[in-house]
Amino acid sequence: GQQLNQSPQSMFIQEGEDVSMNCTSSSIFNTWLWYKQDPGEGPVLLIALYKAGELTSNGRLTAQFGITRKDSFLNISASIPSDVGIYFCAGRYLTSYGKLTFGQGTILTVHP
Amino acid sequence: GAVVSQHPSRVICKSGTSVKIECRSLDFQATTMFWYRQFPKQSLMLMATSNEGSKATYEQGVEKDKFLINHASLTLSTLTVTSAHPEDSSFYICSASSGGENEKLFFGSGTQLSVL
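Residue numbers (this note's numbering), protein chains in the order written: chain B, 1 to 112; chain F, 1 to 116.
Please keep in mind that the hints were generated in silico from the structure rather than gathered at the bench. Warning: the hint list may mix true and false statements.
Coverage of chain B stretches by chain F, computed from C-beta distances (three or more under 8 Å per stretch; other residues unrestricted) [said to hold, decoys possible]:
1) 26-39
2) 42-52
3) 91-103
Straight-line Cα separation of at most 30 Å, DSSO-like style, residue types lysine-lysine; simulated pairs [unchecked claim]:
4) B:Lys36 <-> B:Lys51
5) F:Lys41 <-> B:Lys70
6) F:Lys104 <-> F:Lys41
7) F:Lys64 <-> B:Lys51
8) F:Lys66 <-> B:Lys70
9) B:Lys70 <-> F:Lys104
10) F:Lys66 <-> F:Lys55
11) F:Lys66 <-> B:Lys51
12) F:Lys20 <-> B:Lys51
13) F:Lys55 <-> F:Lys104
14) F:Lys20 <-> F:Lys55
15) F:Lys104 <-> B:Lys36
16) B:Lys99 <-> F:Lys55
Derived DEER-like restraints, expressed as beta-carbon distance ranges [said to hold, decoys possible]:
17) B:Lys51 <-> F:Met45: 42 to 50 Å
18) F:Gly99 <-> B:Arg60: 39 to 47 Å
19) F:Ser54 <-> B:Ser26: 25 to 33 Å
20) B:Asp18 <-> F:Leu74: 23 to 31 Å
21) B:Gly40 <-> F:Gln29: 22 to 30 Å
22) B:Ser82 <-> F:Val3: 27 to 35 Å
23) B:Glu15 <-> F:Glu52: 41 to 49 Å
Note that beta-carbon positions come from the ideal geometry of N, C-alpha and C, so glycine has one too.
All chains should be built: construct the whole structure from the sequences, respecting the hints.
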């Protein structure tokens, strides 16, 4: 099946630092979604991308849909303690009937 | 964003009993809902796709007789774990698709199932 490689697996940063994580796929996707999950909760949608090259921001978060349609990145600027959590990328390809393929997740820890 | 309500958030049951989990889309109609299972510090594993008014489509390796899915209306899907065993203990999460050209997937808050 389709595979998504998400990196890094974990990050330990100081409050105020910028963060970058990315996902690459073995196939072309037509949608990329980025989610954040807190412990014991469901994932919350952060940013949705639908076009190659699309760059979208949501507050301190910025994500881009790669030109090749096989990758996407998420940046968090000026991190704060509440950014702690697990971040997942998810992709959907044209014939997946709405099903998402998820990356392995990036565990973010922010030290005050 | 859209709201998906999932209940219960936590359930503890005895081995051999059945547990029903509800997933409701509160502010939009969802013809398609998805059920996932998640182990600690791992990614989400798709179990099945639930389509309103038709039978669910299960992923390979997921027992359809064990994990019964019903999607009787455009806003409600249920997952019943039948004859639960300790190995069924897990975090179960539902999601609902907004449909349309710029389709988004919204998740419920999850259900932590513990089978004793």
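To see whether the hints hold, each was checked on the structure:
Only residues whose C-beta sits within less than 8 Å of a C-beta in chain F count toward coverage, and the stretch 26-39 of chain B has 3 of them, enough to reach three; the restraint holds. Counting residues of the stretch 42-52 of chain B whose C-beta sits closer than 8 Å to any C-beta of chain F gives 6, which meets the bar of three, so the coverage hint holds. Remark: the stretch 91-103 of chain B is confirmed as covered by chain F, as 7 of its residues place a Cβ nearer than 8 Å to a Cβ of that chain, reaching the required three. A C-alpha spacing of about 21 Å is found between B:Lys36 and B:Lys51, which places the hinted pair at or below 30 Å, so the restraint holds.
Distance hint between F:Lys41 and B:Lys70 is fulfilled; the C-alpha atoms sit about 25 Å from each other, no more than 30 Å. A C-alpha spacing of about 24 Å is found between F:Lys104 and F:Lys41, which places the hinted pair at or below 30 Å, so the restraint holds. Restraint check: the Cα-Cα separation between F:Lys64 and B:Lys51 comes to about 36 Å, which exceeds 30 Å; the hinted pair is violated. Taken as a hint, the F:Lys66 and B:Lys70 pair is broken in the structure, with Cα atoms around 36 Å apart against an allowance of 30 Å.
About 19 Å separates the Cα atoms of B:Lys70 and F:Lys104, which keeps this hinted pair within 30 Å; it holds. A hinted pair counts as satisfied when its Cα atoms are at most 30 Å apart, and F:Lys66 with F:Lys55 qualifies at roughly 15 Å. With a C-alpha separation of about 39 Å, the suggested pair F:Lys66 and B:Lys51 falls outside the 30 Å cut-off, and the hint is violated. The suggested pairing of F:Lys20 with B:Lys51 is violated, with an alpha-carbon distance near 39 Å, which exceeds 30 Å.
With a C-alpha separation of about 22 Å, the suggested pairing of F:Lys55 with F:Lys104 holds against the 30 Å cut-off. The hinted pair formed by F:Lys20 and F:Lys55 meets the criterion: a straight-line CA distance of about 17 Å does not exceed 30 Å. Restraint check for F:Lys104 and B:Lys36: the C-alpha separation of about 15 Å stays at or below 30 Å, so the hint holds. At most 30 Å may separate the alpha-carbon atoms for a hinted pair to count; B:Lys99 and F:Lys55 meet this at roughly 16 Å.
Between B:Lys51 and F:Met45 the CB atoms are about 29 Å apart, so this pair departs from the stated range of 42 to 50 Å. For F:Gly99 paired with B:Arg60, a C-beta distance near 30 Å fails the hint of 39 to 47 Å. A hinted range of 25 to 33 Å holds for the C-beta pair F:Ser54 and B:Ser26, which are about 31 Å apart. For B:Asp18 paired with F:Leu74, a C-beta distance near 42 Å fails the hint of 23 to 31 Å.
Separation of B:Gly40 from F:Gln29 is about 28 Å and conforms to the stated range, judged on CB atoms against 22 to 30 Å. Between B:Ser82 and F:Val3, the C-beta spacing of about 21 Å breaks the proposed range 27 to 35 Å. The given range of 41 to 49 Å is respected by B:Glu15 and F:Glu52, whose C-beta atoms sit roughly 45 Å from each other.
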